[in-house]
Amino acid sequence: MVEVNKTLLVKLRRETLAPFSACSEALISSNNNYEEAKKALFSKSILKAKSNLSSENALPEGRVLSINSEDYTVGVMFSLRAQTDFVTNSAGFQQTQCTIGETLLNYVKTNDINTLSISEAQLIRDSRDNLTLEDKILSLSAITKEKIQLAELWISPRGRDNITLSYQHHNSKLGVLLTLKKNNPSTTIDYAELKKLALHYAAADSTFLTEDQVTTAWVNAEKQKLRENLLSKNPNIPNLDSIVEKQIRKIISDQTFSSQMFILDSSIAISTLLSKYDLTPIWAAKLSL
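Heads up: the sequence shown begins at 1 in my numbering, then just goes up one per residue.
These are calculated hints, taken from the structure and not from any lab test. A quick note: this is a predicted structure, and the numbers were derived from the prediction, not measured. Hints may contain errors.
[As the list claims (entries may be wrong)] Derived Cβ-Cβ restraints for the label pairs, each shown as a range:
(1) Ser242 to Glu70: 27 to 33 Å
(2) Arg227 to Asp265: 30 to 36 Å
(3) Thr272 to Thr115: 32 to 38 Å
(4) Ile243 to Thr110: 54 to 60 Å
(5) Ile143 to Ala221: 45 to 51 Å
(6) Asn220 to Ser119: 24 to 30 Å
(7) Val2 to Gln94: 30 to 36 Å
No residue lacks a Cβ here, since even glycine has one placed at the ideal position from N, Cα and C.
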């Protein structure tokens with residue numbers, strides 16, 4: 001029996017991110033031929049993907065990239081999708097996504113725009129090689145033999161007193177952009193500390209940013225749910241309306257970003273950080289795959 005070359009095994013695992021067992025099998029089958037083993041893993045990944053796809057155009061795998069400019073004036077977030085995690089975990093895919101992110105961010109900042117469609121974004125050219133983003137995606141697709149697609153593009157709103165923070169989970173399956181308005185432009189900002197706000201928004205369930213955004217329709221719907229739930233437990237419950245009013249206040253607070261407690265430290269209120277720097281959250285986007 002062929003003994004697996006440990007050096008090649010580690011290299012194959014690092015480059016493809018396939019399980020060690022799969023890498024070992026591929027090397028044994030190819031008699032430790034690295035390129036043949038790599039092709040075998042790739043073919044296996046493609047076959048698995050085809051069996052799981054509901055249609056030709058289904059792209060179940062992807063990575064989120066969320067970045068803000070160095071001066072925190074604007075942020076960009078998008079997902080790049082493919083058919084298999086074999087491709088999305090590859091160095092080539094991740095490098096292409098970073099290049100797309102840098103190009104998009106530079107374009108948005110230079111042209112001072114707040115909206116951009118996917119079709120418009122694909123026509124943007126990278127000044128370093130004059131290739132469009134579509135060219136880069138098609139090139140990667142030709143190499144990987146998989147369909148790859150730019151999807152779900154978000155651009156933060158621009159404003160003289162706006163700052164935008166980005167957060168991206170380490171697995172690249174979750175990203176956030178959070179824009180806040182500086183009520184006092186002269187206030188000195190500790191951006192490292194404010195990053196906690198973007199992290200919290202990513203981890204928490206926030207329906208609204210501030211209580212000013214809470215709608216009457218939403219409140220009435222929540223009250224109706226409370227009434228139905230309370231009556232189902234006790235049809236003759238006394239003081240129903242007062243109980244509902246008390247509980248709805250807690251629900252509003254729990255669902256409002258600026259009223260929540262920091263998810264990683266319940267002794268810190270989000271409002272405390274906002275007040276410290278005199279900031280108001282005005283826009284946010286969360287992208288999860």
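Practice item. Go ahead and decide if the range 30 to 36 Å is satisfied by the Cβ distance of Arg227 to Asp265. Key: holds (35 Å)
Margin query: Taking 27 to 33 Å as the stated bounds, is the beta-carbon spacing between Ser242 and Glu70 within them?
Written below: Because 52 Å falls outside the window, the suggested range is violated.
### Message
Assuming the hint says 54 to 60 Å, is it satisfied by the Cβ distance from Ile243 to Thr110 or not?
### Response
holds (56 Å)
_Just to be sure I understand the hint, the distance between the Cβ atoms of Thr272 and Thr115 should be within 32 to 38 Å; is that true here?_
holds (33 Å)
Cβ-Cβ distance between Ile143 and Ala221: within 45 to 51 Å? holds (50 Å)
- Using the beta carbons of Asn220 and Ser119, state whether their distance is inside 24 to 30 Å or not. Between Asn220 and Ser119, where Cβ atoms are some 40 Å apart, the hint is violated.
Item to check | Val2 versus Gln94 beta-carbon gap, inside 30 to 36 Å or not | outcome: At roughly 32 Å between Cβ atoms, Gln94 and Val2 fall inside 30 to 36 Å, so the hint holds.
Checked against the numbered hints above, the structure breaks hints 1, 6 and satisfies the rest.
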